[in-house]
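Visitor: Going down the list, the sequences are from chains A and B. Take the position in the first sequence, starting the count at 1, then add 19; the result is the number in my numbering. Take the position in the second sequence, starting the count at 1, then add 497; the result is the number in my numbering.
Calculated directly from the structure, the hints in this document are not laboratory data. Virtual Cβ for every residue (Gly too), placed ideally from N, Cα, C. Worth double-checking, as some hints may not be accurate.
Unchecked claim - Below, in silico cross-link-like pairs of lysine-lysine (DSBU-like), each with a Cα-Cα straight-line distance of 30 angstroms or less:
(1) A:Lys265 <-> B:Lys562
(2) A:Lys247 <-> B:Lys1014
(3) B:Lys1017 <-> A:Lys247
(4) A:Lys232 <-> B:Lys1021
(5) B:Lys678 <-> A:Lys232
(6) B:Lys588 <-> A:Lys189
(7) A:Lys232 <-> B:Lys751
(8) A:Lys209 <-> A:Lys63
(9) A:Lys232 <-> B:Lys1014
(10) A:Lys247 <-> B:Lys751
(11) B:Lys1017 <-> B:Lys773
(12) B:Lys998 <-> A:Lys95
(13) B:Lys904 <-> A:Lys247
(14) B:Lys1026 <-> A:Lys247
(15) A:Lys232 <-> B:Lys998
(16) B:Lys1030 <-> A:Lys232
(17) B:Lys998 <-> B:Lys751
(18) A:Lys247 <-> B:Lys678
Said to hold, decoys possible - Sample of chain A residues lacking proximity to chain B, with all beta carbon distances greater than 10 angstroms (derived):
(19) Glu51
(20) Thr67
(21) Ile220
(22) Lys247
(23) Tyr262
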Amino acid sequence: MFGSSDYVSLQWLSAIGLSLLISLSVRAETIEVLTYEESPFAVKVGKTHHGLLVDMLKEMFSRTSLDYKLRFIPLKRAIVTTERMPGHCVLPVARSQEREAHFHWISPVLVSRYGLFSRSNQTIPLTSLSDAKPYKIGSFLGSGIGEYLTDLGYDVELASVSAQNLRKLKRARIELWAAELVSAQEQMQKQAINFGVPELIFYTSLRAMACNKEMPREQTLALENALKSMYRDGYMSRLYLEYGVKI
Amino acid sequence: MSDIRQNKLFTLLLLSIAWLSLDVHALFEPQLKSAEYWVTNEFQPSTLTQAEQMQEMNWFVEASKPYFGLQIRVVSERIATHGYEASVLAKAFFEITGIHVVHELTGEDDVINKLSAQIFTHQNLYDAYINDSDLIGTHFRSNAVLPLSDFMKNEGAAVTLPTLDLQDFIGLKFTTGPDGKLYQLPDQQFANLYWYRHDWFNREDFKQRFRLRYGYELGVPQNWQAYEDIAEFFSDDVKEIEGKRIYGHMDYAKTDPSLGWRMSDAWLSMAGVGDKGLPNGLPVDEWGIRVEQCRPVGASVERGGALNGPASVYAVDKFIYWLHRFAPEESIELNFTQAGEWPGKGLIAQQIFWYTAFVADLTKPGLPVMNPDGTPKWRVAPSPVGKYWQDGMKSGYQDTGAWTLLKNTPLERQQAAWLYAQFVVSKTVSLKKTLVGLTPIRLSDIESDVMTQRAPYLGGLVEFYRSRGRDVWTPTGTNVPDYPGLANYWWHYISQIIEGKVTVQKGMDNFAAAVDKRLKRIGKRADMKCAPKLNPISKREFWLNAPGAPKREISATQVGKTLSYEEAINVWK
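Here chain B stands alone, though its shape is the one from the complex (with noise of 0.2 angstroms):
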């Protein structure tokens, strides 16, 4: 070949190269534009400078494009973080990649029943799921949910955002297994916490009139005696606020499936009943199951759990007192959703138990819950304690929801589905996220300025994350090997309990009963990791004599205890 005909192929070639690109670059030009109007139009503020949110969005132009044109299903429950995504954000992702997102929204219970249909049936219903990682158990065991660890070094290396920063989760060891695999990715998080009437607390008549009655100071209440001690003082002492009836606690009991989540969601946690270890003791917390290298042996005490063991009677005991004792009468007839109407009426003083999802409905200006200048009246707290919780142990209860992949659904599509649950959470979206669901997920949203200048209009609820609080309210842990088939349990038995047809021991005896049969079918299951293998049956004073949960009765009464709100507040740090 002459040196002239080689050097004109040359030239060919590059000239090819150069008009691929180009042709390339600009097939892809609308989708840059568009990228750009999101960024200027929707996506502020951020956590980074506009220049890094476009870089960030090239490379979801790029990194997209083998997708371009596909359709994807996802699902999620339906609160106001998801609804952004599925009304907002799809549409951005759309525009900019060129991928076709169905985000479909439906109840939480929905979601698991989709996700396990499409687990038992191998069809690909949905590409992803945005699911609780009170699953975790479930999902490390069950062999169907894609690790997202690992996924990322291989068949997902491609489509793994190199800004994403992992690190920057504060809800990573939610979804981690008990293997070191990350199972789900945290999209949105809201805690329950203790809420009350900060302005009422303040009050210097009541503060006497408290402090001349129990001895000590009107304030935030450490454990449950204070907070018993509260609720009765405002409850039969005050009782009338400007001529209105008020409460000293809220709280709701219609049987009802809302009624497990008031139980389920780490109440006993909250009493103490479990073993020290964070986000979950070990080798008792959640739901009273005692597990052993990894593996649930049992709920009883009488196979080493805890659920019907003293502190677990003790703290259902407590719920249904207050719920009689001070809380209002239809309160028995309430499920979750009406309930949480209740403290934005201005007629309770406090709430041990409050989803901060509720956030954006109560500073809603004009309620009798919020000052003209826009603060709230009430703030958000540490949840008091039970006598039998000890340092070291988890205080509350956190939702973390996360993406879900399963490994059932054809590798394009989880690539695909994967690029948009990292679109949704990346830094260039996620603090616009974070001021309209104030479900926060991560650390630079949480420390940017924007959240401080947002802080005294959310009562509270950026000082919680800014704490190690973040830390110790915490999921269901990975010691509930079966979260979709043991979640119903908890409703059917606690309201057999509440409706007086069982005392409270023989009720939870029941309960744990149902809940070893339960393990032990699941066991069968020979290709389950970490299946559950039942202790034997001892008996009940051996283990409650053996070290940590189940823990023997306490029959000394609590010293009710407080501090101020900004003490309090300081205990989280």
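Isolated chain A, as found in the complex (with noise of 0.2 angstroms):
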């Protein structure tokens, strides 16, 4: 028995390390991608996925010769998986000091232009973001601009979802609304509610793609390369005026 046990153990073993073998291959090949739902950026429907950064990473992938599987994840849960696991990446992240030790950064996956809306019938002429000062700011809980406003001393009012800032500019209970401008266009049709353009186009923001440090120098050269032909080739430029901005 003793020399069955042993054959039957050995068996085993090079199963395991077969399955092994197998799923680390993969694992190189096929890359994790996890990201979290904002529309009009990445939206999950059934088993679809659609979406500004969606159509993004198809191209980019296209470009190399690397497979990616795209997952939905909590942001936060994709950011500790990601530093914790090799072969995933998470976007779109804000790339800042405290992360940027920790992961290897394609970027930017994303560039996002904020503005300043006003009623469709009343003009805010405003040359500087301080010419908001007086006025009544709305944004919402947990977005970065409205933290950035705030940070300024500027009056901002934070609704519990963006949304709800098109129905309260309307009804002149605040008197801008700060918005990222691809998302504002999205809300604007969705609401049929028409702002037309903003007084004043005040922050860009980069977000990025941040990938497990372990990931092969290789593999991020060549999505670096992707992107940045899909930048310089004017794919990117297009793909945002489909979402009917510029960049």
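These two chains come separately, so use the hints to put the complex back together.
Guide: Now the structure itself:
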């Protein structure tokens, strides 16, 4: 029995080894890309995914020999998972100094411009952001731009979700709405409210794809080069225009 | 053609020209009126007369006509000077020129990320950046930054202010590449100086106690030994003033990116790690990186650098020793911003490394460090230097935020942005801007009567900028070829040492090896000017026995040396 037992163990070990090898090689080839729902950038409907970032990812990987699998999970979990597990990336993430050393970065995957919208029947001429000081500005809880304006001493009123700001602006409960331009387009379309163009586009933010630090250099390089070519040959500008915005 | 007909045509032509000029003048009359308003109501005082200011503004009105109605974007870090530009000067510029500037404020790291993103993507994200001259080594190598000296001669000639007076800028050397070209135009500057409680240092009882214990006068320390003695005296001997615990030293060490700035901003140079040379030592200085023929050849001693040499280990050792021994217990958990509030509490006797960007905050009436007449109880003075430092080396750090244009910005937008850049540093505007932000860039402002009147209220800031100190306190030099890529290494590796995970020597060895690895990688970029090319690895002794940096260990301790404030200031002259 001892012998046979050894044989069984060896067989079993070989099977484990083989499956490990297979899973490792798949992991090396298939990158798990994690994202979270944020319309119109990444939206999950049943088993289908769509949105600006989903289109961008498809194009970026198509320009490399790498495979990827897109999965939706909450941002915080996605960041922790990516930091701990090789073969994972997460996007879109703010590239802060605190996070810099923990990931490989592919950047910028998202260029977000922020504008201040007024009611369609009212013009508030804004030469500089400081001209907005006397006005009540709407933003939403957890919004980076809301925090930015609050830190600079502006009168910011935070709604629980971004969509509420359109109704608040329409009913003159706020005088300006601070919004990301691609999202603003979509929300105005959905709610059939048109505030036109913003009075002032006042801030640009860049977001990145963070990948696990053990990702091989040739993989990050391939993704960087693909992204670079997408900007330089005009693909990204065309993609943004599809969503109603110039980069 | 008859003479009469010729005369009629000539008259018609003259009338048309006259009508056109009248029309153009009428069209731009609001701009001229705006200029008059801003000159009278905001841009005072100035080193120019009001008539000269109007002449300068008239030039802006004329030169900006082709760009009337254009909207441009610029971005800078969030300090008081840029706040003034974004909220006041951008508006004035719009009313005077018709060029609409969106001047965005954000963190300096974000400015760098955005500038890098524009280079990477070729998308024109901004038309100009105000970015630290610490990146000069990156900029001149990148082939992405517009050399301003070329631009001013060529495509930018028509939009270059005749009264710009480049030689009046005190930080021009910091923004010039080894190729002699100007890459950035200074917009604001602040320095890291020694800060101390002038009132405490002048107390007779303290003076006597110090002299008895240390054998020399209590005064402005000239070397690190004197700084250490004074720290010990106030922390251990004096201990309390008016019933409150006081400290002989202040610093911060939280594992945070700002820990990187604490060390990368010339701490090693102050210890004497590098070679002689201004604004930066050659062949070794900033970050211990050695350059040969403008090419970085290594950071580790094994490749001729000094990042893990005896002087660097001494520099980091002293930082850690003083932090644990003399600073408040909380300081190890503080970051740059949190630590910045401490001197204002009135509990700190001295700080070796203090940003003059805090002058405005530390001169607020009512603070424990202010006198009732509005003069401060503190002073800034030349920083003490470490035992490896020699005459002819840089003595401290100065930050120069400077206008940077990228080659991939469309020409029309470069030209409009260049007009705005020159406007916010023009002599019409710059003295007022200096008084608001206390970050001077022009010698004419520094030497003005207005600054003489302000000097007693600014604790030595004016004296510093009127001395040769302004040339000896310098930003990161051209030997750092990839500032954005390497800057994060600092806090990453130094924090491991501070947290006790590795010894100082081992931590600096790891750091130097990582920098060498990065230099090797960026050296592979074929299109880079003066790209790194690593020296082969040699025995440490080979380089330690060679003249200059990296320097052999100096085992002898320093003898403490101090000077009175007046004598210390004279050192700057």
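Visitor: Does each hint fit the structure? Answer for all of them.
Guide: Cross-check of the supplied hints:
Taking the CA atoms of Lys265 of chain A and Lys562 of chain B, the gap is about 26 angstroms. The hint holds against a cut of 30 angstroms. Distance restraint check for Lys247 of chain A and Lys1014 of chain B: the Cα-Cα separation of roughly 24 angstroms lies within the 30 angstroms cut-off, and the hinted pair is therefore satisfied. Restraint check for Lys1017 of chain B and Lys247 of chain A: satisfied, since their Cα atoms lie roughly 23 angstroms apart, inside the 30 angstroms limit. With a C-alpha separation of about 22 angstroms, the suggested pair Lys232 of chain A and Lys1021 of chain B falls inside the 30 angstroms cut-off, and the hint holds.
Under the criterion of a C-alpha separation no larger than 30 angstroms, the hint pairing Lys678 of chain B with Lys232 of chain A is inconsistent with the structure, at around 38 angstroms. A C-alpha spacing of about 29 angstroms is found between Lys588 of chain B and Lys189 of chain A, which places the hinted pair at or below 30 angstroms, so the restraint holds. For the hint pairing Lys232 of chain A with Lys751 of chain B, the CA-to-CA distance comes to about 23 angstroms; that is within 30 angstroms, so the pair holds. At most 30 angstroms may separate the alpha-carbon atoms for a hinted pair to count; Lys209 of chain A and Lys63 of chain A meet this at roughly 17 angstroms.
Our distance criterion of 30 angstroms between C-alpha atoms is met by Lys232 of chain A and Lys1014 of chain B, whose separation comes to about 16 angstroms. Pair hint Lys247 of chain A plus Lys751 of chain B does not hold up; C-alpha atoms about 36 angstroms apart against a cutoff of 30 angstroms. Of the pairs offered as hints, the one joining Lys1017 of chain B and Lys773 of chain B holds, with about 26 angstroms between alpha carbons and a cut-off of 30 angstroms not exceeded. Of the pairs offered as hints, the one joining Lys998 of chain B and Lys95 of chain A holds, with about 28 angstroms between alpha carbons and a cut-off of 30 angstroms not exceeded.
Pair hint Lys904 of chain B plus Lys247 of chain A holds up; C-alpha atoms about 17 angstroms apart against a cutoff of 30 angstroms. Proposed proximity of Lys1026 of chain B and Lys247 of chain A is supported: the alpha carbons are some 21 angstroms apart, at most 30 angstroms. Between Lys232 of chain A and Lys998 of chain B the alpha-carbon distance is near 21 angstroms, which keeps this suggested pair within the 30 angstroms criterion. For the given pair, Lys1030 of chain B sits about 26 angstroms from Lys232 of chain A by alpha-carbon distance, which is consistent with the 30 angstroms threshold.
Between Lys998 of chain B and Lys751 of chain B the CA atoms are separated by roughly 15 angstroms; this keeps the pair inside 30 angstroms, and the hint holds. The hinted pair formed by Lys247 of chain A and Lys678 of chain B meets the criterion: a straight-line CA distance of about 29 angstroms does not exceed 30 angstroms. Annotated as non-interface, Glu51 of chain A keeps its C-beta farther than 10 angstroms from every C-beta of chain B; the closest such distance is 25 angstroms. At the 10 angstroms boundary, the C-beta of Thr67 of chain A stays outside the reach of chain B, the nearest C-beta of that chain being 29 angstroms off.
Its beta-carbon lying about 7 angstroms from the closest one in chain B, Ile220 of chain A breaks the requirement of being farther than 10 angstroms from that chain. Distance check for Lys247 of chain A against chain B: the nearest CB is about 6 angstroms away, which does not clear 10 angstroms, and the non-interface claim fails. Look at Tyr262 of chain A: its CB is around 16 angstroms from the nearest CB on chain B, clear of 10 angstroms, so calling it non-interface holds up.
Consistency note: the structure conflicts with the earlier hints numbered 5, 10, 21, 22.
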